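Residue numbers (numbering that gives the first Met the number 0), protein chains in the order written: chain A, 0 to 304; chain B, 0 to 256.
Treat the hints as calculated values from the structure; they're not laboratory data.
Take these hints with a grain of salt, some might be off.
[To be verified] Selected chain B positions facing chain A (Cβ under 8 Å, derived; list incomplete):
#	residue
1	Leu7
2	Asp9
3	Thr36
4	Val37
5	Lys38
6	Arg113
The structure presented is a predicted model; accordingly, all values stated were derived computationally and were not measured.
Beta carbons: idealized from backbone N, C-alpha and C, even for Gly.
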Amino acid sequence: MDIDDFKIDVYIPSLRKTVQFSQINNRVYKNILKYTQTKKDINIEKYLSNMVDALSTSIKSDDINKIDLFCILLTLRIVCIGPAIDLQFKCKKTKKPFNTSVDLNDILQKFTDIGEVTQTTVHLDDDIAVKLGIPSRLYTDDNDMLDTMTYCVTDIDIKGNKYNLSTLAPREKKNIINKLPGKVFNYIVRYANNIQSEFNKLVVLSEKSPHDKDSHVEEHRLGLYNNSMFNFIRLIYADNLIGYYEMLYTLSSNINMSATYVESITPAEAGIFLATRRKEVARQEQAQRSHENKNKGPSLPDRMN
Amino acid sequence: MSDYSNILQDLKALNLEKAFPVFIPSQNREVQFTPLTVKQQKDIIKGALDAATSNVLFNSVTNDIIKSNSSEPIDYLILDKTSILVHFRLQALGDQIKLPDPDDDNVEYDVNLRDHANTFPTMTLAPEVLQETIVYSNITGALRTPPLSIDTKFNDDTKKSLEQVQSGDLSDTIGDLFIFELIKFLHTLTIGEKTVVVSDLSIPQAVSLVENLPLMLSNKIITFIERVREFEQGFSNVKTADKSLELPIDATFFNTT
Chain A
0 MDIDDFKIDV YIPSLRKTVQ FSQINNRVYK NILKYTQTKK DINIEKYLSN MVDALSTSIK
60 SDDINKIDLF CILLTLRIVC IGPAIDLQFK CKKTKKPFNT SVDLNDILQK FTDIGEVTQT
120 TVHLDDDIAV KLGIPSRLYT DDNDMLDTMT YCVTDIDIKG NKYNLSTLAP REKKNIINKL
180 PGKVFNYIVR YANNIQSEFN KLVVLSEKSP HDKDSHVEEH RLGLYNNSMF NFIRLIYADN
240 LIGYYEMLYT LSSNINMSAT YVESITPAEA GIFLATRRKE VARQEQAQRS HENKNKGPSL
300 PDRMN
Chain B
0 MSDYSNILQD LKALNLEKAF PVFIPSQNRE VQFTPLTVKQ QKDIIKGALD AATSNVLFNS
60 VTNDIIKSNS SEPIDYLILD KTSILVHFRL QALGDQIKLP DPDDDNVEYD VNLRDHANTF
120 PTMTLAPEVL QETIVYSNIT GALRTPPLSI DTKFNDDTKK SLEQVQSGDL SDTIGDLFIF
180 ELIKFLHTLT IGEKTVVVSD LSIPQAVSLV ENLPLMLSNK IITFIERVRE FEQGFSNVKT
240 ADKSLELPID ATFFNTT
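Construct all of the structure, not just a fragment, from the sequences and the given hints.
Right, here's the structure in full:
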């Protein structure tokens, strides 16, 4: 009998339900690190969407919007890697560095609240209705805000024929939305502006220099209709690949774990093994030092003198 | 068929079903137009984002929309445009519009645009608004209200001039715009036995020709342009009991947000 692996409960705001996900193991984590270290946001999105499809059997990346995806990434980061990120800033006045720690649970709660925003359906007339919601794609190749806003259209009902646009390719979706009656445009802009203004209230992180008593609290926010969310994804998955390979080397060479096993465990678990190993090494070093001191015995007077 | 093909097919059918009649002054009859699409609405609003070229862009974008949404292949005249845009606006955003009081920025009037559009068929287009022949010495000019195709041709060059204004002299640009406006209305020019169709010339050739016209002829062209503009104003000017209000025939006309 197969017994399922440990699953993580992830709350999906737009669906208002909890979905189970497998953990992010080190193999997936390594791939995320590789993608986040490239400048190609679109490839990050492709990988993350595939990851969602692979880690959950009850939800598809096409079914969720960009805030849902963000909440999934945050939850998996909190459980599989850890809930805190330590960031270093530079004081604008003194140029001295200072550290700030961010609890990702706080950010997850804020995104969850905003992600529960109700979708709205606009009945243009008896023949056509459109459903508006948070755009599904994380990445946008449109530099134009108006184009990006139109991705709020999630479903169309034309004379009773109901279509969900999430399964269409981005180019197809754009073409369909462009051909909708123009009267929907003002509804889209109004809806998109309302959601954006709510989103704008969300302070992702704030920092204040301890080196300058006159400094103000700097607040950092994300945009809903641009690619700024990728910067935050890079921040929460900011470990470097060298660190990852050092961890792999240490666990393989010193604890004799196979590379396959190391790749199958979570980064948090690998961290526990490493911390245990470090404690063990420290204990061994301490024992070694004690042993050396014992062997030296009491110091004798110099007989030559 | 895929969802994509089905949606496209449904939207195309719906668009044709929603075609609406527009009174065309130069034709003195109604012509069917399909409604604006989201893309066309976007293009109109985008044009407004660049302050320097917004009016020119608005003109070009709306000329293209009129051509593409007309059920008949008519090269409409510029004096048809306000009527068409008012009907597009009615179809897209409904009958009500708020118009500012020209004498008090803090006062707005609720105007029923449908009632205003219903007056369009009563506006009589006199022949002298469509064309006129002007003569000075041995030079004869045939003036005509330009079609939108000519308007678009010169809009493109006007846009280029405006984009270069930061690096060049503003007075040169205003001069260019003025010359372009004269060229649009001058159909042919006959000097002695020789006649040229102005729209057949390259833009530099047409500019050079009009720049060298005697002042008397230029003034006659300006008088003709003013006559056409006056006729057009009847479509953009909304009369209330005590006020004469102006419809903003620019990107703001299509924006309620």
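Against the structure, the hints come out as follows:
At its closest, the beta carbon of B/Leu7 sits 7 Å from a beta carbon of chain A; the interface hint therefore holds under the 8 Å criterion. A cut of 8 Å between beta carbons decides the hint on B/Asp9: the least distance to chain A is about 4 Å, and the hint holds. At about 5 Å, the closest approach between the beta carbon of B/Thr36 and any beta carbon in chain A falls short of 8 Å, and the interface hint on this residue holds. Taking 8 Å as the C-beta contact cut-off toward chain A, the hint placing B/Val37 at the interface holds, the least distance being around 5 Å.
Here the hint on B/Lys38 is kept, as its CB sits about 4 Å from the closest CB of chain A, short of 8 Å. Checking B/Arg113 against chain A: minimum C-beta separation of about 15 Å lies over 8 Å; hint violated.
Comparing the model with each numbered hint stated earlier shows that hint 6 is the single one that does not hold.
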